[in-house]
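Could you slot chain B onto chain G? The hints should help.
Residue numbers (this note's numbering), protein chains in the order written: chain G, 13 to 190; chain B, 1143 to 1364.
Straight-line Cα separation of at most 30 Å, DSS-like style, residue types lysine-lysine; simulated pairs: (1) Lys38/G - Lys1312/B; (2) Lys1256/B - Lys120/G; (3) Lys1168/B - Lys23/G; (4) Lys1213/B - Lys71/G.
Since the hints were derived computationally from the structure, they do not count as laboratory data.
Being a predicted model, the structure only gives us computed values, none of them experimental.
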Amino acid sequence: MITVIQICKEKFHYYEFVRPIEEIIKKTNTEFISIHYKDLTEDMLSKSRKIIICGTSLKDNAFLDDIKYFLWLRGYNKPVLGICGGMHILGLLYNEKMHKKQEIGLTKVEFKKDFFGMKKIEEVYELHNFYVTSKEYNIIAESKNCPQAIKHREKPFYAVLFHPEVRNKELIRNFILD
Amino acid sequence: MNVAVLFSGGKDSTFATFIAKKHGHKICCLISLISENPDSYMFHTPSISKVRKQAEIMKIPLLTQNTKGEKETELKDLEKIIFRAKKEFNIQGIVTGTVESAYQASRIQKICDKLNLDCFNPLWQKDQIELLNDLTKNNFEIIITGAFAYPLDKKWLGRKINHKFLQDVKELYKKYKINPAGEGGEFETFVINCPLFSERLSIKERKITGKKNSWTMEIELT
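In isolation and in its complexed conformation, chain G is listed as follows:
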């Protein structure tokens, strides 16, 4: 089972930042549950074989004050994919620094190596006001402004700053089916 973790404070953002990811999972015929981080239970985590942490809107940064809800990730060893805000969370758990940089719209990203089917230069959809850096992660892809895809040095934790559910759906599909 896949667990989709929602981080939107305002529920109306579900349609934009969660539903498109759920639709991609549905098309792979994979069982999943979709739940807000405050409602996660240990049982759900033990049943999950992979986790996706979704993003949220530019104005919605409430999750940044709630990192305590994600501390369990430090002891988690199954694959996790963080998307945008999900990338911030994965980084903040490992002494990551946040930097202000806005990117909105389509942009080109260069991948140093294969990342769930993303190769060389890909066009991606961006919607963020911050990016993150951490020594605990290797940078796999960058735009001209900042890191866009990272992988934890030891754990199967992956994260992207852009929104693959918009123009790079195969990335999510490959993460699930890999």
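This is chain B only, laid out in the frame that chain G set:
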């Protein structure tokens, strides 16, 4: 939350209004850009003058802004009218009916961010056939007011979005890759009835203009 909806009178912005209201948001006003440019990248133009009537039967104030519809000036005009909505109605968010267009979505996101407003796109990335199904399921009565791609012709004007329409657009998608919901500008639509309306709009007159695979139907409401 107090929100304003970017409203064209077509199926997507009306459905976005419907979902926002269902979520308990207060629709303080509708915002319509009246573009002089029929090929605007941002705004759908057919039948926009009829939007006044739709706003009236939804009992929601309508703010309009004329624009020449040129690439960057229309964004300034949009910012101007959103700023006005923020000032006059104390809105905290903007709702749009954008489904697929990264061009449209990213420009609206930038304006909202600049004006410190949240931006909601409840139809974002929605499957096109599912969207059409949801509209009919929720009793939206929609007609085609513009057809702008091969092999669409004037016979498509005035058609209702129903089961038969769905079958036909599925075929068109298979053969010609025409986007079933017209998100690429292949179709323009106008909502004549939906659960938000206090009455059904009826059409008094239709004026059809166009040639080959580019047709528009201007309607007069009773």
